[in-house]
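Kindly generate the complete structure, drawing on both the sequences and the hints.
Sequential numbering of the sequence shown, starting at 3, is according to this note's numbering.
Just so you know, these hints were derived from the structure itself, not from any lab.
It cannot be assumed that every hint is accurate.
[As the list claims (entries may be wrong)] Cross-link-like lysine to aspartate or glutamate pairs, in silico, DMTMM-like; alpha carbons within 25 Å at most:
no.: 1; residue 1: 70; residue 2: 18
no.: 2; residue 1: 21; residue 2: 51
no.: 3; residue 1: 21; residue 2: 38
no.: 4; residue 1: 14; residue 2: 60
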Amino acid sequence: MEDEEISIEALKSFFENYKETLPKSLKLYQGSTILDVPKFIESTLVIVEAQRNNPTYETFKMNLILLKNILSPPNQMPDEQV
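Given below as structure tokens:
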């Protein structure tokens, strides 16, 4: 599944399954460190849901997808991804 095609519901489900094992902080990419990962997920999901059809906020969804990819086990097959 292409990253852009991942639904908000699929992202919510993925993060719900990982919520007990989320790191406190995480480097998302160079120059961007998330200091409170659970709060980042919660607040970003609210924004993405509220702005579903607004392309200005697409980067918020892309950041969630990037975080999902970082947290996904390296041996997970593409068809097993959420």
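Straight-line alpha-carbon gap residue 14 to residue 60, limit 25 Å: With Cα atoms ~16 Å apart, residue 14 and residue 60 stay inside 25 Å; holds.
Would you check the hint for residue 21 and residue 38, treating anything up to 25 Å between C-alpha atoms as holding? With a Cα-Cα distance of about 12 Å, the restraint between residue 21 and residue 38 holds, given a limit of 25 Å.
Given the hint that residue 70 pairs with residue 18, test it: the Cα-Cα distance must not exceed 25 Å. holds, 11 Å
Check whether the Cα positions of residue 21 and residue 51 lie no farther apart than 25 Å. holds, 19 Å
Of the numbered hints given earlier, the model fails none.
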